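Enquirer: Protein chains in written order, with the numbering used here: chain A, 1 to 232; chain B, 1 to 232.
These are computed hints drawn from the structure, not numbers from a lab. As the structure is a computational prediction, the values presented were derived from the model and not from experiment. Be a bit skeptical, because a hint or two may be false.
Note that identical chains are pooled: a pair holds if it fits in a single copy or bridges any two copies.
Below are the EDC-like pairs computed for lysine to aspartate or glutamate, each with C-alpha atoms no more than 20 Å apart in a straight line [what the hints assert, rightly or not]:
(1) Lys143 / Asp177
(2) Lys119 / Glu130
(3) Lys220 / Asp177
(4) Lys117 / Glu159
(5) Lys117 / Glu130
(6) Lys19 / Asp71
(7) Lys120 / Glu165
(8) Lys120 / Glu130
(9) Lys119 / Glu159
(10) Lys162 / Asp107
(11) Lys170 / Glu116
(12) Lys220 / Asp183
(13) Lys170 / Asp107
(14) Lys162 / Glu116
(15) Lys162 / Glu207
(16) Lys119 / Asp169
(17) Lys220 / Asp204
(18) Lys79 / Glu186
(19) Lys19 / Glu223
(20) Lys117 / Glu186
(21) Lys220 / Glu130
(22) Lys227 / Glu59
(23) Lys170 / Asp202
Protein chains: 2
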Amino acid sequence: EILAAIESQLSDGPLKGVKAIVTSGPTREAIDPVRFIANRSSGKQGHAIASALAALGAEVTLVSGPVSIPDPTGLAVVKVESAVQMLNAVRSRLPAHVVVCAAAVADWTVANRATEKRKKKVGDPPPTIELTPNPDILMTVSKAEGPLRPTLVVGFAAETEKLMEHAADKLARKGCDWIVANDVSEGTGTFGGDANTVHVLDSDGVESWPAMGKEEVARKLAERIAKALGKA
Amino acid sequence: EILAAIESQLSDGPLKGVKAIVTSGPTREAIDPVRFIANRSSGKQGHAIASALAALGAEVTLVSGPVSIPDPTGLAVVKVESAVQMLNAVRSRLPAHVVVCAAAVADWTVANRATEKRKKKVGDPPPTIELTPNPDILMTVSKAEGPLRPTLVVGFAAETEKLMEHAADKLARKGCDWIVANDVSEGTGTFGGDANTVHVLDSDGVESWPAMGKEEVARKLAERIAKALGKA
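From just these sequences and the hints, can you work out the full model?
Expert: Rendered as structure tokens:
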């Protein structure tokens, strides 16, 4: 792995000189000091994309939520917990040529966060958790102005129903260049699993890829990115 | 590790013939197919207790929520997600001589769980998460009747304030025999960390142990359990 890291740093791959930021994993939104809201993202797909871009010679920063998979070698890793921390980490590293938002960022954070652990009291009704929208990292990056707008912004759509409809809507609303749509319904095993079936949407239409390993998805996506940047 | 496992299975330790159930780790309560509520428990303390009991010759079942640490060897591991699943796993394995409830079980589960991923819609107010109490595993085991009541039931209290007050209250309310109280405030590094400072409360009073590694806490606790069962 150390050798692989050195190789990728010395490599003259097609993405040499290209600065990439990849977000990966879930975010955690604190309810109180011990409890939080999270999601089932394992970080496998995002981490694989960061590695694949680095393997093509890109200078990669991986901004990762809490995951239990190892840090990839040959690139910079920034660990964050919440969506706000993830946005700040991404924003502070702009400009970049390409930003891939593969993290499963919480749409909402907790509005009534407690500073001490909420206690269950006999007879008291259970508390309710009030939510408030998180900043939208994909939209913020896509709508950045001037030199802060990356050449290419790639978002992910993880859906359990109406996959293509939600993905097309996301592409239009967020202002990103591509959406990689994948079905994360329970039966598919995508969240946490090693395989993925994705559809790449852009202004030209949809490209549907067959089911393949997440590392293979990452390699194909990195090659598509190199091509889009005129580097392959 | 394989050797250690064989050794413990062949061992004639003081807890030979003693059946133990240990719960460990957090639980996850689903909000929808991809989001859940969890907590910062790493499972390190509970897993170490299970291993320490097995090392003294006990026949141990570890009932564990989702953790990223490896399964201990030389004992049976049952993986669960929610508090209800954890309770069912424990209950189906009774009777036992000793039950140690070290898991950080969610006090509440989600009352308005969604079967499809909740969508963020522009203009819509954010959803609220309504909670409802989970079954109380420690109390259920402690108040089990007849042969289903273990000889010794040990609970944990993880608090961020008024540690001893909350722990004494828990001992009285739950009907368990011991409470192991530990401070999990952010500064202490207990949740996720390798060290712990605990206080063991029983009907005789409080025994405060100095800060030590979680494996050392586990060894001391296993020895105390052997003594309480008249086995050491």
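Enquirer: Any of the earlier hints contradicted here, and which numbers?
Expert: Hint 21 alone not satisfied by this model.
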